[in-house]
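K.L.:
Residue numbers for the sequence shown, in the working numbering: 22 to 100.
Treat the hints with caution; some may be incorrect.
In silico DSSO-like pairs for lysine-lysine, Cα to Cα no more than 30 Å straight-line [claimed, not checked]:
| id | residue 1 | residue 2 |
| --- | --- | --- |
| 1 | 40 | 80 |
| 2 | 80 | 68 |
| 3 | 68 | 37 |
| 4 | 80 | 37 |
| 5 | 68 | 40 |
Cβ pair distances, simulated, as ranges [what the hints assert, rightly or not]:
| id | residue 1 | residue 2 | range |
| --- | --- | --- | --- |
| 6 | 62 | 93 | 19 to 25 Å |
| 7 | 48 | 89 | 14 to 20 Å |
| 8 | 90 | 68 | 18 to 24 Å |
| 9 | 49 | 99 | 17 to 23 Å |
| 10 | 53 | 96 | 17 to 23 Å |
| 11 | 98 | 30 | 16 to 22 Å |
| 12 | 49 | 73 | 30 to 36 Å |
| 13 | 25 | 94 | 27 to 33 Å |
For the record, the hints were derived by calculation from the structure and aren't laboratory data.
Owing to the predicted nature of the structure, the values given are computational and were not obtained by experimental measurement.
All residues carry an ideal CB built from backbone N, CA and C; glycine is no exception.
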Amino acid sequence: MVPDPCDIYVDDVILKGSKIRDETFVRDGIRQFMFDHIMDIDRILAKLDFANFTLNGYKAFFCVPEVTILSYVCNQDGR
(Lines of atoms letter the chains of each structure in order from A; the text may use other names.)
(Lines give C-alpha, C1' and ligand atoms only; values in the text may rest on other atoms or scores of the structure.)
Protein backbone atom coordinates (compact mmCIF):
# COMPACT_ATOMS: atom_id res chain seq x y z
CA MET A 22 0.00 0.00 0.00
CA VAL A 23 1.38 3.38 -1.02
CA PRO A 24 0.77 6.16 1.52
CA ASP A 25 -0.96 9.33 0.32
CA PRO A 26 2.04 11.70 0.27
CA CYS A 27 3.88 9.32 -2.05
CA ASP A 28 3.73 8.89 -5.83
CA ILE A 29 5.38 6.03 -7.69
CA TYR A 30 6.54 6.36 -11.30
CA VAL A 31 8.37 3.34 -12.76
CA ASP A 32 11.46 3.29 -10.52
CA ASP A 33 11.01 6.65 -8.80
CA VAL A 34 9.42 7.36 -5.43
CA ILE A 35 8.22 10.94 -5.09
CA LEU A 36 7.32 12.24 -1.64
CA LYS A 37 5.15 15.33 -1.45
CA GLY A 38 4.87 17.71 1.44
CA SER A 39 1.55 18.97 2.72
CA LYS A 40 -0.10 21.88 0.92
CA ILE A 41 -1.07 23.23 4.35
CA ARG A 42 1.77 24.79 6.35
CA ASP A 43 0.89 24.46 10.01
CA GLU A 44 3.42 26.87 11.54
CA THR A 45 2.75 25.67 15.11
CA PHE A 46 5.95 24.70 16.92
CA VAL A 47 5.72 21.12 18.16
CA ARG A 48 9.19 20.09 19.36
CA ASP A 49 12.52 21.81 19.79
CA GLY A 50 11.58 24.60 17.36
CA ILE A 51 10.30 22.25 14.64
CA ARG A 52 7.09 23.37 12.97
CA GLN A 53 4.19 20.92 12.63
CA PHE A 54 4.27 20.77 8.81
CA MET A 55 7.97 19.85 8.80
CA PHE A 56 7.55 17.32 11.60
CA ASP A 57 4.71 15.66 9.64
CA HIS A 58 6.84 15.56 6.49
CA ILE A 59 9.77 13.99 8.34
CA MET A 60 7.42 11.36 9.77
CA ASP A 61 6.12 10.64 6.23
CA ILE A 62 9.70 10.18 5.01
CA ASP A 63 10.42 7.84 7.91
CA ARG A 64 7.28 5.80 7.21
CA ILE A 65 8.07 5.47 3.47
CA LEU A 66 11.69 4.49 4.13
CA ALA A 67 10.55 1.88 6.68
CA LYS A 68 8.14 0.38 4.12
CA LEU A 69 10.87 0.30 1.45
CA ASP A 70 13.25 -1.34 3.92
CA PHE A 71 10.62 -3.93 4.87
CA ALA A 72 10.17 -4.75 1.16
CA ASN A 73 13.98 -5.05 0.73
CA PHE A 74 14.15 -2.15 -1.73
CA THR A 75 17.42 -0.37 -2.26
CA LEU A 76 17.83 3.33 -2.97
CA ASN A 77 20.51 5.02 -5.04
CA GLY A 78 22.08 7.61 -2.77
CA TYR A 79 23.33 9.63 -5.75
CA LYS A 80 19.78 10.01 -7.09
CA ALA A 81 18.10 10.67 -3.73
CA PHE A 82 17.15 14.23 -2.78
CA PHE A 83 15.72 15.12 0.62
CA CYS A 84 14.29 18.41 1.90
CA VAL A 85 15.09 20.46 -1.20
CA PRO A 86 13.07 23.57 -2.12
CA GLU A 87 12.80 22.55 -5.78
CA VAL A 88 13.33 19.43 -7.88
CA THR A 89 12.89 18.47 -11.55
CA ILE A 90 10.77 15.35 -12.04
CA LEU A 91 10.08 14.08 -15.56
CA SER A 92 11.02 17.50 -16.99
CA TYR A 93 8.65 19.30 -14.59
CA VAL A 94 10.09 21.74 -12.07
CA CYS A 95 8.28 21.09 -8.79
CA ASN A 96 8.36 23.30 -5.70
CA GLN A 97 6.07 24.39 -2.87
CA ASP A 98 3.77 26.07 -5.41
CA GLY A 99 3.33 22.87 -7.43
CA ARG A 100 4.69 22.37 -10.91
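K.L.:
If a hint holds in the structure, say so; if it does not, say that too.
P.N.:
Against the structure, the hints come out as follows:
| no. | hint | result |
| --- | --- | --- |
| 1 | 40 x 80 | holds, 24 Å |
| 2 | 80 x 68 | holds, 19 Å |
| 3 | 68 x 37 | holds, 16 Å |
| 4 | 80 x 37 | holds, 17 Å |
| 5 | 68 x 40 | holds, 23 Å |
| 6 | 62 x 93: 19 to 25 Å | holds, 21 Å |
| 7 | 48 x 89: 14 to 20 Å | violated, 32 Å |
| 8 | 90 x 68: 18 to 24 Å | holds, 20 Å |
| 9 | 49 x 99: 17 to 23 Å | violated, 30 Å |
| 10 | 53 x 96: 17 to 23 Å | holds, 20 Å |
| 11 | 98 x 30: 16 to 22 Å | holds, 20 Å |
| 12 | 49 x 73: 30 to 36 Å | holds, 33 Å |
| 13 | 25 x 94: 27 to 33 Å | violated, 23 Å |
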